[in-house]
Amino acid sequence: MTWVLQTAIGGLSTGAVYALVAMGFSIVYRTMGLVNFAHADVVMIGAYVTVTFFLTARLPFGVSLLAAILITAALGVVIERILRPLESRDLNLMLIGTIGFGIVLESVAILVWGSFGTAVPTPIPNLPLRVDGLVVTTYQLLILAVSGVVTVLLFWFLDRTKLGTAMQAVAMDRVAATAMGVDVAASNALAFAIGSGMAAVAGALVGPLLYVSPGMGASIGIKGFAAAILGGFGSIPGAIVGGLIFGLVEAFASGPLSAYSDLITFVVFALAMTIRQTGVFGERTVDRA
Amino acid sequence: MRVVRIGLGKPLLVVTLAALPVFLDLYKAHVAVLILLFIIVAIGLSLVMGFGGQVNLAQAAFFGTGAYVSAILTSTYGWDPWLAAPVAILSTCLMALVVGLPALRVQSHYLGIVSLGLAVALASVLTNATFTGGASGISKIPPLPVPGVDMTDDYNYYYLVLAALVLLVALARLIAGTTLGRRLRAMRDDTLAAAASGIEIPSYRLLAFLLGGLFAGVAGVLYAHFVRYVSPDTFGLDTMFLLLAMVIIGGQDSIWGVAVGATLLIAARNLLTGLDAYQQLVYGALIVATVVFAPRGLAGAALAARRRLPFPWPTLPLPFPRRSRPPVVAPPVLATSRSVASSALALRVDEVSKRFRGLTALSRVSLEVPTGEIHGIIGPNGSGKTTLFNVISGIERPDGGRVEFHGRDVTGKRAYQMSRLGVARTFQNLRLFHRLTVAENVMVALDRDPARMHLRYLVAPWSVLRREHEYRERALRLLAEFRLESLAEEAAVNLPYGRQRQVEIARALAGGPSLLLLDEPAAGLNAAEQEDLKAVIRRVRDAGVTVIVIEHNMGLVMSVCERLTVLAHGKVIASGTPLEVSQDPRVVEAYLGRGTVRREAV
Amino acid sequence: MLRLERLGAVVALGLLAVACGGQLAGTTGGGSHAPIRVDMIGTFSGQNADLGTWAWDGAKLAVDQANASGGVDGRKIELERFDDQGQPTVGTDLAKRAISDHAVMVYGSDLSTVTLAMIPILTAAKIPEITSGQAPAILEQGSSYIFLDSTTSAVFDQTLADYLVKKRHLTSIAMVTNNDAYGKGEHDSFLAELTKLGVKPTIDKVVTPDQTDFTSVLTEVRATDPKVLFIGAEEVETGLIAKQARSLGITATFAGGAPMGTPTYLQTAGLAVAEGTIMTSPYLSNDANAKTRAFAAAYRKAYGQDPEFHGAKAYDGMNVFIQAMRKTPNDLSGPKLIAAVRSISYDGLLGHFKFDERGLGLHATQIGVIRDGKIVPV
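Taken in order, these protein sequences are the chains called R, Y and V. Going left to right, the first sequence walks through residues 3 to 291 as the working numbering numbers them. Going left to right, the second sequence walks through residues 28 to 629 as the working numbering numbers them. Going left to right, the third sequence walks through residues 15 to 392 as the working numbering numbers them.
Hints are computed from structural coordinates only; laboratory data are not their basis. Wrong hints could be hidden among the right ones.
Here are the simulated lysine to aspartate or glutamate pairs, DMTMM-like style, with alpha carbons at most 25 angstroms apart [to be verified]:
1. R:Lys-164 / R:Asp-175
2. V:Lys-140 / Y:Asp-177
3. V:Lys-315 / V:Glu-92
4. V:Lys-350 / V:Asp-87
5. V:Lys-74 / V:Asp-301
6. Y:Lys-167 / V:Asp-202
7. V:Lys-350 / V:Glu-94
8. Y:Lys-167 / V:Glu-154
9. V:Lys-341 / V:Asp-370
10. V:Lys-341 / V:Asp-176
11. V:Lys-140 / Y:Asp-52
12. Y:Lys-440 / Y:Asp-217
13. V:Lys-368 / V:Asp-71
14. V:Lys-241 / R:Asp-134
15. Y:Lys-167 / V:Glu-371
16. V:Lys-214 / V:Glu-234
17. V:Lys-140 / V:Asp-370
18. V:Lys-140 / Y:Glu-500
19. V:Lys-140 / V:Glu-371
20. Y:Lys-561 / Y:Glu-547
21. V:Lys-341 / V:Glu-94
Quick caveat: nothing in here was measured; it's all calculated off a predicted structure.
Please work from the sequences and hints to get the whole structure.
Written as structure tokens, this is what we have:
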């Protein structure tokens with residue numbers, strides 16, 4: 003039982019990170035219809051920017067994180083401009099175009115920060131808290147806390163602010179939103195900025211846990227996307243649920259058969275998608291051809 | 028004797044490739060073999076993605092499967108490499124089918140993530156399992172034994188791979204230019220229209236993956252016995268994205284483009300060393316630029332260039348013996364199919380209902396259409412007309428009720444099954460296969476061979492060509508009926524709107540249906556075209572086909588239809604002859620509101 | 015399809031021209047004053063990039079010093095480097111390249127996995143190869159053309175096991191190793207040594223080289239409450255394992271081989287976590303003796319930072335070959351060169367080198383403990 007709970011704790015904290023990635027991904031998809039495979043590399047850039055402020059400039063972690071969010075969000079606006087022509091293309095092209103862009107981001111990271119990577123100390127002393135035979139580290143709690151705050155902020159923004167509501171409108175019906183006076187281009191740029199900012203948070207949080215390197219986007223990215231799809235593509239609550247489920251499945255799969263955790267995780271994912279094509283919260287559009 | 032002019036392109040290429048190794052040092056020869064191998068894998072990917080439209084991010088994993096199975100069997104278990112090879116290729120094909128199974132339920136980006144995830148899963152097995160050698164991989168793979176030839180010599184191996192490549196390219200081009208390729212492309216361009224034209228979509232999705240696996244498997248075996256060392260890193264995400272880049276830069280459904288793309292990318296990667304990060308930057312930027320500015324890749328650019336600067340390429344006149352072909356005896360163009368025994372009542376719809384998440388599109392709709400009748404379905408927008416067509420043609424499954432076609436219960440049958448039974452349709456929003464030519468659009472529907480006939484590609488490829496010739500003849504004759512034969516080689520999407528509509532009707536008729544459903548065929552047609560349309564409808568009926576037309580154009584409806592059914596809010600509110608219906612107050616009210624003056628029948 | 019075969023023919027012709035051009039410019043042939051070509055194939059990118067860079071720095075220093083003092087019979091040594099990206103198959107490509115480049119010898123790779131992939135190719139071409147890898151498997155390939163610039167995991171782990179069990183009486187030892195050639199070598203050697211001493215590890219877990227999250231494995235380790243955690247992985251991974259172990263509440267002392275003696279380990283794990291780590295290496299400190307101090311000074315002058323174990327062993331390894339080349343300057347062919355290597359006796363920074371038929375030249379290591387970020391000999 004200890005093992006189950008201990009593994010669940012680990013799974014929830016990595017799941018929270020996946021959820022952040024998945025939410026960022028879903029926001030962009032839902033407002034712009036763009037499947038952005040470079041999102042994972044934005045996570046990586048966010049991690050690197052945070053590390054630069056935190057380690058090199060020796061600013062407090064909170065400040066570094068905020069700076070990273072702002073910079074990455076600004077980068078997101080630039081990316082949106084570059085990737086705009088892809089929004090209306092067919093899926094294969096969008097896929098490959100965004101992947102190509104991801105490669106560009108990765109090589110830029112290598113050129114700026116080197117290919118070697120950095121280990122990052124945790125921003126708070128990572129003390130194990132023993133509760134009833136279980137160990138929860140203070141950093142895991144921090145991850146859950148920060149992710150929670152970001153999620154709440156996102157919901158507040160989408161539901162309670164004018165800009166957020168406008169973004170929801172664009173997602174539902176772009177033409178009608180334009181007719182209502184919403185500046186769709188600005189809304190899209192904002193969506194991208196928010197998505198990128200969330201990616202930065204995910205990257206910054208996961209860095210001290212794992213290792214910050216130009217290639218770190220790959221594994222987090224695939225799992226984040228899969229989580230977004232599992233939860234129902236474009237659905238924000240779905241992204242959260244998907245992320246947590248993914249984190250848990252992965253944690254439990256890596257227990258007894260640690261070698262095959264990826265195999266199990268992704269086979270389960272493939273089965274889940276085959277059974278319920280649009281994920282937990284997605285709309286059904288079953289192909290009857 | 029007849030003289031055929033052969034372009035110098037192919038012979039020159041073959042000679043160059045055959046002579047190449049003489050001029051290369053060991054390392055460059057090694058790279059040349061790698062290029063040839065990657066071309067094979069990339070062509071496989073092009074068949075799945077470019078032709079079949081299936082997102083397959085596991086192609087590198089398939090490549091790895093072929094290599095690893097061959098490596099394990101020969102290195103660990105001591106099998107003869109020539110025995111291990113077919114086993115490895117079959118294993119890869121099986122793996123491809125397994126990975127392709129989700130494609131039956133999900134498509135596009137969902138399929139992308141699922142296939143990527145499965146590729147990661149496979150990589151995980153390779154990296155972790157002991158029987159795969161873990162992260163260190165498998166070494167000491169024996170060379171392919173060829174009596175009298177040292178197959179550890181890269182120069183000799185080049186010729187082996189070149190031979191394999193020539194055969195596989197020939198196969199790929201045969202597939203691309205004939206029925207299998209055409210069906211895949213139709214499925215890619217418009218899945219619904221493809222199904223409505225008789226293509227069994229689930230089988231073809233799997234077939235697309237199978238082709239990808241076949242090519243990757245062969246390349247994998249050849250790779251394992253070339254490098255004689257396999258490790259997981261070669262078959263991971265980096266290689267997958269490299270393959271994607273090759274396909275995109277080459278031009279997704281161009282075999283030659285993919286080959287050129289592969290050559291350029293591998294040569295650049297291996298021969299320009301140093302500055303790795305810059306190289307990667309350029310490579311990524313190149314991919315983005317290609318997608319944004321030249322989405323058709325090199326193939327598209329070459330096509331555009333060819334139009335602008337026609338280069339007088341030298342050709343060689345060669346004498347060929349005259350071939351005698353038996354004249355094509357085609358059945359009369361508009362003959363009905365014999366697949367369903369004819370009966371007096373072509374279609375009976377009985378209390379059919381259809382709901383979409385709370386919205387009731389059809390509510391207990393019933394109608395009967397006798398064989399040989401021209402029946403019209405009219406009603407205000409949103410009344411469920413197209414949904415009714417979708418239920419009849421198998422695109423939607425009804426939530427209640429029954430559909431009978433020539434006495435046979437076909438409720439819930441899928442679109443391609445309905446097509447096989449003899450139901451054809453056109454679509455309200457015009458669904459042509461936009462990247463196929465006019466002739467190809469028609470040939471897709473005309474070609475009724477079941478999927479198992481594709482085995483001929485491997486056992487009797489010449490029969491494929493012969494059949495192809497027949498299809499073309501028949502297609503041209505059908506197009507001639509619509510005076511479209513001069514436009515046969517045009518991309519369908521380039522035609523004027525009215526002509527495109529005609530192509531769609533021709534395509535629907537090509538399969539010899541006994542029931543034709545036309546969904547707003549007159550939309551966007553001018554007066555002369557509308558007259559043409561009426562004539563076509565009558566001619567089709569005279570050939571024995573039952574026709575049902577959805578239309579808003581009252582002139583057409585009144586003059587051509589024998590009986591009408593009127594739908595409003597998903598219910599049948601009236602049915603009868605055009606005159607009866609036009610005088611029915613419920614119909615008038617539905618269209619024009621209460622208290623309006625009655626229209627005269629035209 | 016389209017007449018793209020025309021484009022294909024043009025491209026093929028173009029490549030042919032490039033290839034021919036390359037061929038004409040390429041062959042330098044022999045010639046008594048032509049430079050001696052040495053190819054270094056190492057890991058210069060990715061997570062293990064330090065290994066390649068250190069090896070390059072050390073070998074280059076040796077080559078520069080040799081060239082400054084007359085080279086080999088007047089001929090300069092030309093050292094070129096190639097990035098194997100940590101991938102065995104890239105290594106095999108580069109091995110072929112070395113053959114095409116008519117390299118006299120290959121220094122590579124720093125990863126045992128890549129080295130193993132290259133051995134059959136280079137041996138068949140009779141090109142001597144010296145490697146920084148230390149997996150025992152390297153010596154079991156049946157090749158007389160492979161040499162180690164330090165010693166194998168077997169020797170490292172024998173020293174370590176003896177110290178832990180016999181000297182310190184620590185018998186509650188957990189093992190976490192990765193499954194590439196180096197990690198596997200460490201696993202097998204250490205386990206064999208423990209068995210010889212009658213000790214059974216409390217738990218024996220295997221991870222993969224690119225894993226970054228070790229929570230579940232370490233949770234299992236924690237459950238066995240070991241006093242020592244033996245880690246067999248490359249520098250960064252070792253550091254990550256150590257760091258995550260501490261954050262999960264594992265208080266065991268860390269123990270391992272060469273990777274734990276590097277600045278990379280200290281940086282990745284963090285000073286607090288690395289404190290008290292027991293490691294074994296033939297080269298513990300730059301201040302050990304006059305020779306190492308001279309080397310460190312020269313290294314600092316050339317590169318602006320202090321050397322460590324990997325730089326030192328590359329320096330030694332290159333010097334062994336330079337000395338061998340000077341012994342047979344008129345015939346640097348493979349068979350002659352390897353005979354020369356085996357005939358010399360070399361006193362290096364790591365100790366005394368005398369190579370046997372399998373390619374092992376160094377037979378002992380020392381024990382050190384990390385205190386305050388520095389390695390203190392024990």
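Pairwise hint evaluation, Y:Asp-52 against V:Lys-140, where the allowed Cα distance is 25 angstroms at most | holds, 17 angstroms
Pair hint outcome, Y:Lys-440 versus Y:Asp-217 [Cα-Cα no greater than 25 angstroms] = holds, 20 angstroms
Restraint status (C-alpha distance of V:Lys-315 to V:Glu-92 at most 25 angstroms) | Measuring from Cα to Cα gives roughly 21 angstroms; hence the hint holds.
Starting from Y:Lys-167, check that the Cα of V:Asp-202 is at most 25 angstroms away, please.
-> holds, 21 angstroms
Holds or violated: V:Lys-140 to Y:Asp-177, with C-alpha atoms at most 25 angstroms apart | holds, 18 angstroms
Hey, V:Lys-241 versus R:Asp-134, does the alpha-carbon distance stay inside 25 angstroms?
-> holds, 22 angstroms
For the pair supplied as a hint, V:Lys-341 and V:Asp-176, is the alpha-carbon distance within the 25 angstroms limit?
-> violated, 39 angstroms
Holds or violated: V:Lys-368 with V:Asp-71, Cα cutoff 25 angstroms?
-> Within the cut-off at roughly 24 angstroms; holds.
Would the pair V:Lys-214 and V:Glu-234 pass a check requiring their Cα atoms to be no farther apart than 25 angstroms?
-> It holds: about 16 angstroms lies between the C-alpha atoms, which stays within 25 angstroms.
Is it true that the CA of Y:Lys-561 sits at most 25 angstroms from the CA of Y:Glu-547?
-> holds, 13 angstroms
Distance restraint between V:Lys-140 and Y:Glu-500, which requires alpha-carbon spacing of 25 angstroms or less | Violated, because 64 angstroms separates the two Cα atoms, which is more than 25 angstroms.
Taking only the CA atoms, is the gap from V:Lys-341 to V:Glu-94 under or equal to 25 angstroms?
-> Measuring from Cα to Cα gives roughly 23 angstroms; hence the hint holds.
Hint violations for this structure: numbers 10, 18, all remaining hints satisfied.
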